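Position chain Z relative to chain B; hints supplied.
Chains as they are written, first to last, in our numbering: chain B, 487 to 611; chain Z, 487 to 611.
Keep in mind that the hints were calculated from the coordinates and are not lab data. Incorrect hints may have been included.
Where chains are identical, the list cannot tell them apart; a pair therefore holds if satisfied intra-copy or between any two copies.
[Said to hold, decoys possible] Straight line, CA to CA, 27 Å or less: simulated BS3-like cross-link-like pairs of lysine-lysine: (1) Lys542 with Lys494; (2) Lys605 with Lys494; (3) Lys555 with Lys509; (4) Lys509 with Lys542.
Just so we're clear, the structure is a prediction, and the values are computed from it rather than from any experiment.
Here's the letter readout for the chains.
There are 2 protein chains.
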Amino acid sequence: MTWLDAVKWDADGLIPAIAQDYKTGRILMMAWMNREALELSAQEQRAIYFSRSRQKLWRKGEESGHVQKLHELRLDCDADVIVMMVEQLGGIACHTGRESCFYRVFENNEWVTVDPVLKDPKDIY
Amino acid sequence: MTWLDAVKWDADGLIPAIAQDYKTGRILMMAWMNREALELSAQEQRAIYFSRSRQKLWRKGEESGHVQKLHELRLDCDADVIVMMVEQLGGIACHTGRESCFYRVFENNEWVTVDPVLKDPKDIY
Chain B
487 MTWLDAVKWD
497 ADGLIPAIAQ
507 DYKTGRILMM
517 AWMNREALEL
527 SAQEQRAIYF
537 SRSRQKLWRK
547 GEESGHVQKL
557 HELRLDCDAD
567 VIVMMVEQLG
577 GIACHTGRES
587 CFYRVFENNE
597 WVTVDPVLKD
607 PKDIY
Chain Z
487 MTWLDAVKWD
497 ADGLIPAIAQ
507 DYKTGRILMM
517 AWMNREALEL
527 SAQEQRAIYF
537 SRSRQKLWRK
547 GEESGHVQKL
557 HELRLDCDAD
567 VIVMMVEQLG
577 GIACHTGRES
587 CFYRVFENNE
597 WVTVDPVLKD
607 PKDIY
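Just chain B, same shape as in the assembly (with noise of 0.2 Å):
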């Protein structure tokens, strides 16, 4: 039984992991990822997730150079979801050229973009 047997893979064989950065906490995306990403993450101490619509390992910061190194990996009690805490080079986690993907807020029944694009999308990718 290996430390990967432990996790508890859906039925797609994947695991929701949420990037944290490791200096602010704040939370700066999440995605997926399969048995060989999660593997290849500690290996590489690099945040490497499986893109479910490309079906296919997504070594984050490949194309934009906004890789997230790892510096910690967590798993939760049920085995089935992994919050790593990263350093993310660049500032940059969301494609929109924001720091998180989580720039919409909830306010007034609507969802209200309050973050500012650090960097205009066409000159990331």
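Below, chain Z without anything else, positioned relative to chain B:
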């Protein structure tokens, strides 16, 4: 089109919801919400999940008293993950009696329990 229609529900009509301590930024847990759970969470300003195992609404804290008061609700760029800033009453989110469900850290190819049990689960439920 309401704010609930903006959410991209998965095939089971659910969305992952991450609860984060509004003061420390610590990630406490991740669970799931259906449309009703999200609507009620916003209305009642507390975390209400949908239990996949019991297939019914789960008003966090209804048995334990460990209610999560909602301070802020965010949606991500793909509209398929929720983050809640919460005040964790009792300081315990996990059913094991720990502050956070993420009490196991990956070290030397093992998941190592690093956080203390603050209250015996027998005294919670």
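Each hint tested on the structure:
For a Cα distance limit of 27 Å, the shortest separation of Lys542 from Lys494 qualifies both inside one copy, at 20 Å, and across copies, at 22 Å. With identical chains, the CA atoms of Lys605 and Lys494 are at most 27 Å apart between copies only, with a shortest distance of 26 Å across copies and 37 Å within one. Both within a single protomer and between protomers do Lys555 and Lys509 lie at most 27 Å apart by alpha-carbon distance, with minima of 12 Å and 25 Å respectively. With identical chains, the CA atoms of Lys509 and Lys542 are never at most 27 Å apart, being 30 Å at best within one copy and 37 Å at best between copies.
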